[in-house]
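Visitor: So the chains spell out like this:
There are 6 protein chains.
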Amino acid sequence: MKAKLQEFLKEDIGSGDITSELVVPAKARAKGRIVCKERCVLAGVSEAGAVFEELGARIVKIKKDGSRIGRGDVVLEVEGAARGILAGERLALNFVMRMSGVATLTHDLVAKCRKVNPKVRVAATRKTTPGFREFEKKAVVIGGGDPHRAGLFDAVLIKDNHIKMAGGVIEALRRAKSGSFTKKIEIEVENATDARTAVKNGADIVMLDNFGPDEVRKLSAELRKINSDVLIEASGGIRPENIEQYAAGADIISLGLLTHSVKSIDFSMEIEKA
Amino acid sequence: MKAKLQEFLKEDIGSGDITSELVVPAKARAKGRIVCKERCVLAGVSEAGAVFEELGARIVKIKKDGSRIGRGDVVLEVEGAARGILAGERLALNFVMRMSGVATLTHDLVAKCRKVNPKVRVAATRKTTPGFREFEKKAVVIGGGDPHRAGLFDAVLIKDNHIKMAGGVIEALRRAKSGSFTKKIEIEVENATDARTAVKNGADIVMLDNFGPDEVRKLSAELRKINSDVLIEASGGIRPENIEQYAAGADIISLGLLTHSVKSIDFSMEIEKA
Amino acid sequence: MKAKLQEFLKEDIGSGDITSELVVPAKARAKGRIVCKERCVLAGVSEAGAVFEELGARIVKIKKDGSRIGRGDVVLEVEGAARGILAGERLALNFVMRMSGVATLTHDLVAKCRKVNPKVRVAATRKTTPGFREFEKKAVVIGGGDPHRAGLFDAVLIKDNHIKMAGGVIEALRRAKSGSFTKKIEIEVENATDARTAVKNGADIVMLDNFGPDEVRKLSAELRKINSDVLIEASGGIRPENIEQYAAGADIISLGLLTHSVKSIDFSMEIEKA
Amino acid sequence: MKAKLQEFLKEDIGSGDITSELVVPAKARAKGRIVCKERCVLAGVSEAGAVFEELGARIVKIKKDGSRIGRGDVVLEVEGAARGILAGERLALNFVMRMSGVATLTHDLVAKCRKVNPKVRVAATRKTTPGFREFEKKAVVIGGGDPHRAGLFDAVLIKDNHIKMAGGVIEALRRAKSGSFTKKIEIEVENATDARTAVKNGADIVMLDNFGPDEVRKLSAELRKINSDVLIEASGGIRPENIEQYAAGADIISLGLLTHSVKSIDFSMEIEKA
Amino acid sequence: MKAKLQEFLKEDIGSGDITSELVVPAKARAKGRIVCKERCVLAGVSEAGAVFEELGARIVKIKKDGSRIGRGDVVLEVEGAARGILAGERLALNFVMRMSGVATLTHDLVAKCRKVNPKVRVAATRKTTPGFREFEKKAVVIGGGDPHRAGLFDAVLIKDNHIKMAGGVIEALRRAKSGSFTKKIEIEVENATDARTAVKNGADIVMLDNFGPDEVRKLSAELRKINSDVLIEASGGIRPENIEQYAAGADIISLGLLTHSVKSIDFSMEIEKA
Amino acid sequence: MKAKLQEFLKEDIGSGDITSELVVPAKARAKGRIVCKERCVLAGVSEAGAVFEELGARIVKIKKDGSRIGRGDVVLEVEGAARGILAGERLALNFVMRMSGVATLTHDLVAKCRKVNPKVRVAATRKTTPGFREFEKKAVVIGGGDPHRAGLFDAVLIKDNHIKMAGGVIEALRRAKSGSFTKKIEIEVENATDARTAVKNGADIVMLDNFGPDEVRKLSAELRKINSDVLIEASGGIRPENIEQYAAGADIISLGLLTHSVKSIDFSMEIEKA
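Residue numbers (my numbering), protein chains in the order written: chain A, 1 to 274; chain B, 1001 to 1274; chain C, 2001 to 2274; chain D, 3001 to 3274; chain E, 4001 to 4274; chain F, 5001 to 5274.
Treat the hints with caution; some may be incorrect.
Claimed, not checked - Simulated crosslink set (BS3-like; lysine-lysine; CA at most 30 Å straight-line):
| # | chain 1 | residue 1 | chain 2 | residue 2 |
| --- | --- | --- | --- | --- |
| 1 | E | 4004 | D | 3004 |
| 2 | A | 184 | B | 1027 |
| 3 | E | 4177 | E | 4200 |
| 4 | E | 4112 | E | 4064 |
| 5 | E | 4064 | B | 1119 |
| 6 | B | 1263 | B | 1225 |
| 7 | C | 2004 | D | 3010 |
| 8 | C | 2031 | C | 2273 |
| 9 | B | 1002 | A | 177 |
| 10 | B | 1037 | B | 1064 |
| 11 | C | 2004 | B | 1010 |
| 12 | E | 4177 | B | 1064 |
| 13 | A | 200 | B | 1273 |
| 14 | F | 5061 | F | 5263 |
| 15 | E | 4112 | E | 4184 |
If you are wondering where the hints come from, they were derived from the structure by calculation, not from laboratory data.
Model, not experiment: these values are computed from the prediction.
Just chain A, same shape as in the assembly (with noise of 0.2 Å):
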């Protein structure tokens, strides 16, 4: 994390801060406070805690990662040499204002979503912002979410484009279970034709695309009795208004807008003389 730190804190101080460099004096010393302006839950505090370490303030407090908060409520407190703590408050801020965003929505739909199915498990997808993404998946995993994949790298996954070059779902899965034994092998289908011809064919995931929710819940059915332990993952077209009908059916349920089109949550930061 701290090479990532450092990256973002020279996109935004660059050749340095003008502006503290000119207005407070160098031996300032100064005490900040992140404070919390809505209903939330917290993600994103340690981040920040970690960059005004990275600019050499102390952490005095810190609410942990996870907490429900509300307006008002003080979610960090660093001092620290007055510059440091100036230059790393829109970083710091920008880390909760996300992170908070997604995990706060991420965990108003696994609400949703348990109450139909206890067991189901709301998953993130690869939508995340180019560089950001680790701390978008982790924000998920905060707010109750999968992470589901962190990359190309980490789980086997044929979509609709790969069956198209491989030349059909039989192929592509013989394909596939060649690989590694350490990998599972997750398939996209969008027929029900095609789900069942990849249970018949060892996949281990089967993500249903742009299924409807009744679809979702006979079919998953149907499958399971081909292998009980098949899994069954619906995508595609599934918004907070519609999520918790895909509860009943599926095993676990992605959405993009997890990651990537999230209000985020309001945060201020308070300075003050130390």
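Let chain A serve as the given structure and place chains B, C, D, E and F on it in line with the hints.
Guide: Relative to chain A, chains B, C, D, E and F alone:
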């Protein structure tokens, strides 16, 4: 940009795209098309193209960033090794979906404001996704907005916390003016008195933070009497619903939500054998 | 791979190839051939080619990785600036010599085991040379082996030390199963009781560490009765001399020596004026 | 070294140690001991210690590199967060196992040669694992050997391919002598005539490539009559079985196998709750 | 700065400080003092201190950057491992010698100009040593000068070649004004007509390139009548001999020689056993 | 070199060349010429060319490094996108101006010395600009000088502070000789006694630090009687005014000012539409 692309590809591909390596023949060639799924202002397509070029594919057709497009429009067509195109698909889409989201929102807000005041600027802030700022700011510009500062290094902006550490508006401005003559000086104020003091003490730009639209209009007129060249930036509490009301008084309206709370635009990629 | 090549070239060339700069005219052009000196399975030749391309030379002829070759076979021919070819010679040879060593050893052990059990996999471990893992794992695959995990990030493998820290096999497995559904769960055990407990508690793969060949055969049969899908990996104390005995019982046989104790294959490079 | 450690840790840990994150509590603390399993000359233990320090653990006890050790000896004891120690275990062991392998082999060959000629040096070559050279060369030195060149940048060594490109031994030496006065000039020759020419034309070191032991002895005597300060290096075709025969004639004996074909020494790590 | 220090240390130390490793015991501790050899304005001493800290030494005493010092003054005293201090000696001295050279020259020229015009600024240019700009600009500031632009990214400066490409002064300024409101606009002109056009068309700063001192004085007065806020920068053909003559008319005098043709100040380092 | 170029371009361009992006059309193409303004030995022009190539331009004509040139000579002509050429202009000029300054000074001093002693070498030191050493050393070589050490890694040079830490000249030399046989051993001495001791104890090169020209001449003769192969380097207190007097006695004369106190040569760039 190349270094960023490589970093982003590494994030997604890591130790290898294990699905394509298993399922898609090394020599297979493919054609891919990115297709728009909803009305928007296109952005990020030159980045998407560069992703595929980095992976050895060739751009066949590409729409211009800034184009007004709708459902079904093909914005990019590439041709090359199937594995390369599959490895780049997600990153390319992530660029187009996010940046078009930012450009479209910016465009809509600019259009609203320009009806009231054709000269007003709608500006972004530093509330961007860590590591992805240059792309979010570029999308703001494509949407007709102003990028504001690139970071702490390229403009002086004295904020509330700086004023506290410096010991007041006058002292903060005095110090700021000892900096290089190449930089304008902007200051954020929270009341009319400070605004007047700022203009009298040489601020080039005054940011009115959390003022109502009427206050902005009246105070702007007053401040311009003190210095006809001063620029007035309204910030804080501005939303799509009330932005037009600010357009009358301010020279610049800045909003964090242009980059921190954006809905992605939907695009998909279709790949076939070439 | 490009970044790695540049790092490796920098390691060898550093502040400059002072011999060639003095002795070889800047404009001299040369042809170079890498020649095999002993029977082997070729690996690393695409890396060797890439080394010369990075230095501005052109590949004239190249044998395929995985070819069975012998003394006198030319595996790569390049042409370009003499200084570039001389600067790349050592690194190119280091790739071919080491990777062919790994591929050849793997190939020989796989051949031995397949006589006994045509479905058995011979797998590598994480006992690789720091910084060179991707190439050693690739050579294992070229030799017909299984790469096993790429690192700590792409599969769950609960080892003895994890079990101690978690407080037992059952608790360790329970926790592991709360992780993402995309990952299989493998656990290392040191006795038959733990092996049974692991399978009963949902392990996808059981690694039998330091069991004799007979124990592996008997215990595997027993474990497969509990769960017919479970995979059995034998590890620890396996050597070229006894590996065949393990092939009967296990699904996978893993050995550190595939990557940590390998004899390089001899190759040399001949360069002449072009 | 720190940058290398971070690179190596990243290779193994990548997007996260998913096993420990699931199975081992974040706050658990542990003690770890690296134990030797066979007689060797210890090397790499300072690197192993640095791995754990990089991950936040503390070194409790550490044996000196170069120690003669045997089965059961504890070479390193560390204490810290359990997750950190587990994350570093493999890399630390990979350092110790490989570097001790190199140091032990070097030590044994040096011992053999010194019986014949107490002043002879046993030297490594540039046939090292790409990216790991500094550690392999260091292990050679710990074992009592000579590291020879660090790379192409720190010594002039005119090899067969250089001579061909330069147009002969005399011309190659003439050009080399125009280089900086700070460097010695070594030249590789393949017959006695070239050896004599080299010494007469100012070579500081002559490498006799693929000469038999008797030839080396006789020719060395002859060459020292031409220039008593010239150093004679024997290289090519030298193996543990015949190395002693070369020790009589040469000042230096260099072998690629010191770094390219080494058996790792067995070590293991034991971890327990602290 | 830390990343730069590490890069600079790597440049000098590379694969190791082979002299100290041979000659100085690993455990030897030393004290080092950097001593001034001639009158100067001190700069670079905080960088010198950071060099030694990076190498594990401790700062015992350090003079402030900007101090007026003379022959015999000790500017830095450090204590630590002898090898670390020896490895950092040259880089530390290179920082102090160069940066003090720049600061001293700047200081002398500023002093000259301020006698004539106490408000005039003496500014650097982008004619800096590649890779070392931040330190040269900092030394200019320590000497009392203005750093001018940090690079192409933080200010708009339209030069002769831009004007040619844009098709004239008016068009260039028109385009520049469409950029972000956060930036001033400076333009370089080569005659009085263009200067007047520039001011009339909204340039914030006009750089008079290669004008004589009298022209600068007269034209400045005229331009200020058009816009009393415009800043006048004189540049080109300004030397220590004639700089005072420019001070009367211009607001800013910029010279490349502040950073491109500087005599280093002599310092030496004394080390003794601690 | 490519990595260095990219680092240097990033230093200057950072988050973007905001002037050209506003003022120069993206599609405009241009031709640029670098023109010499004063007599010099040309250096840095291949680096300047590489800068423009890195930015996508094409070299049309280029003079050879080392050419003797004068006012009005065009040393480089490039063609490409106008924005690319404008972005590279400053860095390209910084290379040529500085490196030609170093090459010209070196050339003039070498010419002076060669009149007295045609075999004498004029050598640089490690007193280079941090991060820019390879280019300054290269310019010294282009000017006919000797680069001396590239850094601490490629030659053994025992200096006064090493001798103090080692406990004397004899002990320092004894330890140094235990290092690799591939390195020469140079030692710096401050009096005739130490010089004699050094030669008697096997130093390959003796650096006479701060000796007068007569002392150097007499002592050199004496030292060569002890060992006819020893090289004598004079260093310390040598200036353009007195360098000839040292040429008679020493084999090598080294001066820090070749790289630390150099006047840049004036060049300019003319750009026009293509």
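Visitor: Given the hint that residue 4112 (chain E) pairs with residue 4064 (chain E), does the C-alpha gap stay at or below 30 Å?
Guide: Status holds; Cα separation ~24 Å.
Visitor: Does residue 4112 (chain E) pair with residue 4184 (chain E) here, judged by a C-alpha cut-off of 30 Å?
Guide: holds (28 Å)
Visitor: Regarding the pair residue 5061 (chain F) and residue 5263 (chain F), is the alpha-carbon distance no greater than 30 Å?
Guide: holds (26 Å)
Visitor: Is residue 4004 (chain E) close enough to residue 3004 (chain D), meaning Cα to Cα at most 30 Å?
Guide: holds (17 Å)
Visitor: Tell me if the straight-line CA distance from residue 1002 (chain B) to residue 177 (chain A) falls inside 30 Å.
Guide: Between residue 1002 (chain B) and residue 177 (chain A) the Cα gap is close to 35 Å, so the pair fails against 30 Å, i.e. violated.
Visitor: Measure nothing beyond the straight line between the CA atoms of residue 4177 (chain E) and residue 1064 (chain B); if it is 30 Å or shorter, mark the hint as holding.
Guide: holds (24 Å)
Visitor: Is the hinted pair residue 2004 (chain C) and residue 3010 (chain D) satisfied, with a Cα-Cα distance of at most 30 Å?
Guide: holds (13 Å)
Visitor: Does the alpha-carbon distance linking residue 1037 (chain B) and residue 1064 (chain B) stay inside the 30 Å limit?
Guide: Cα-Cα ~17 Å, so holds.
Visitor: Below or equal to 30 Å on CA atoms is what counts here, so check residue 200 (chain A) against residue 1273 (chain B).
Guide: holds (27 Å)
Visitor: Holds or violated: are the alpha carbons of residue 184 (chain A) and residue 1027 (chain B) at most 30 Å from each other?
Guide: holds (25 Å)
Visitor: Between residue 4064 (chain E) and residue 1119 (chain B), does the CA-CA distance stay at or below 30 Å?
Guide: This hinted pair is violated, its Cα atoms lying about 49 Å apart.
Visitor: Regarding the pair residue 2004 (chain C) and residue 1010 (chain B), is the alpha-carbon distance no greater than 30 Å?
Guide: Holds, because 13 Å separates the two Cα atoms, which is no more than 30 Å.
Hints 5, 6 and 9 from the list above are not met by this structure, while the remaining hints are.
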